[in-house]
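Asks: I would like the entire structure built from these sequences, with the hints used as guidance.
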Amino acid sequence: MANPQVKLVALQTFLDDFPHITCVTPSSPNYTSLRHIFASDKEAIPLAIVRPKSAADVSLLIKFAVSNSIRITVRTGGHNLSGLCFAQDALTIDMRDIAYVDIAADKETVRIGGGIIQLDLALALDKEGLATPMGTCVTVGHVGWATYGGYGPFSSHWGLGVDQIVGAKIVNASGNVVEADERLLRGLRGGGGLFGVVVELTIKVYRIRTVLTGALLLESQNLATTFKEFSVGYQDLSDKGLPSELLLQPCVMSLPQGRVIVINFMWSSEDMVAGRRWLAKVEALVPIAINTVTVTTIPDLMNASVSGAPESAYGVTCTHSLKKITSEVAAVIGDNFSGMGDDCLFTLHELRGVSASANKDSVFATREPHFMLEILGYSTTAENRDASAAWAEKTWREVGQTDPSNVLPGTYISLDHSASKPVSMPFSRHYGPYHEELRALKREFDPEDVFALAVPILSNYT
1 MANPQVKLVA LQTFLDDFPH ITCVTPSSPN YTSLRHIFAS DKEAIPLAIV RPKSAADVSL
61 LIKFAVSNSI RITVRTGGHN LSGLCFAQDA LTIDMRDIAY VDIAADKETV RIGGGIIQLD
121 LALALDKEGL ATPMGTCVTV GHVGWATYGG YGPFSSHWGL GVDQIVGAKI VNASGNVVEA
181 DERLLRGLRG GGGLFGVVVE LTIKVYRIRT VLTGALLLES QNLATTFKEF SVGYQDLSDK
241 GLPSELLLQP CVMSLPQGRV IVINFMWSSE DMVAGRRWLA KVEALVPIAI NTVTVTTIPD
301 LMNASVSGAP ESAYGVTCTH SLKKITSEVA AVIGDNFSGM GDDCLFTLHE LRGVSASANK
361 DSVFATREPH FMLEILGYST TAENRDASAA WAEKTWREVG QTDPSNVLPG TYISLDHSAS
421 KPVSMPFSRH YGPYHEELRA LKREFDPEDV FALAVPILSN YT
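Numbering (the UniProt record's numbering), first residue to last: 1 to 462.
Just so you know, these hints were derived from the structure itself, not from any lab. Every clue listed holds true.
Pairs of lysine-lysine residues, derived as DSSO-like cross-links and limited to a Cα-Cα distance of at most 30 Å, are as follows: (1) K53 <-> K63; (2) K53 <-> K107; (3) K42 <-> K394; (4) K53 <-> K42; (5) K442 <-> K204; (6) K228 <-> K323; (7) K323 <-> K281; (8) K421 <-> K42; (9) K127 <-> K53; (10) K42 <-> K63; (11) K421 <-> K442; (12) K204 <-> K53; (13) K169 <-> K360; (14) K394 <-> K228; (15) K323 <-> K360; (16) K42 <-> K442; (17) K228 <-> K281; (18) K394 <-> K324; (19) K63 <-> K421.
Replies: Structure representation (structure tokens):
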């Protein structure tokens, strides 16, 4: 059945027996809204988009797709920065209708559906005075974010997203719903959807009702100079020891008043006296023009963070992981601020604290303390796409030419746009010493490569 139209007819006939499973085709009136994702560059037209309501539905769909030689992609939120939830003529399984949150009686863990987005998870946990590590983008699918690593404002205190996973259910290559054993769990923690469709995760949660958080907009006449001054000051502060509850995320972006440096401040403890003491230390590093730091809830933080953010964009993402933001690195980064487009963004994520501890239970490899650079060469218009991408790639290239002893060999797969392209790239770039183990697990659990289009796309690596 090589003809896509023949496959589509077969799919629609099959789904006649399961009318509760939404099926949208490119000719459907609601196709455009359900096809919408963040990555505007992704032009692939799927065979159809299906929205299962349960793990049993996913099982039916996988068995049908395999028996009819239909390729499969999976959407958990739609924020994959390369748009890999869609592929030409593939069946997209959109998990967003499987979005339950089931909190354990002891309030130590929670079971979540494979399509829960982060804001909905934050809201459900907040009602019970709970939280779990997550990012601040409201529409990101939590399962995709967590299973590939999961940097965020709570990582130094509670760990990365991947470190919270204590259990999982997947629909495997045979279409069976299975509980992941310890070996499969280890591969899933970092390998994501490589082995099947994750229909449920069990993750750790923590008791907290409010945090001290907000933005510090730096006063600056020269962004490059200010960025270097902040980097030097922060390194001095860090060398003296930082509490795990504190995490800072510097960002360079365009606001109505122009290009600015913003430091996102997070104190993930209800000891507000200590939090304000550390806030004062951060404020003393460089002059502050605007300070929005306040006591708030995590859902309110997320809603505030989304204000003004584009719903979609053209362009590329680039990343490096560096041991330190040295004076050399800060100068290179600062020199590139002048070439940023209005929709571009530069930010840093620091991995330290419990996240930097060796973890034999996952294949997430980059565990030594580091700064992960998020270089977003974006434009909300197609016309400015190439210029924005060129800025990101130039910044990435020049940072990579700094002191090689400071540049870690591994990069974060979720932000490395080269991972979505068929290039000769070693698998160790994303999985370090675990790359052979991950390939072996793939051969064992998905020998026919049913999930060939799942990240990491193994055919893109040497």
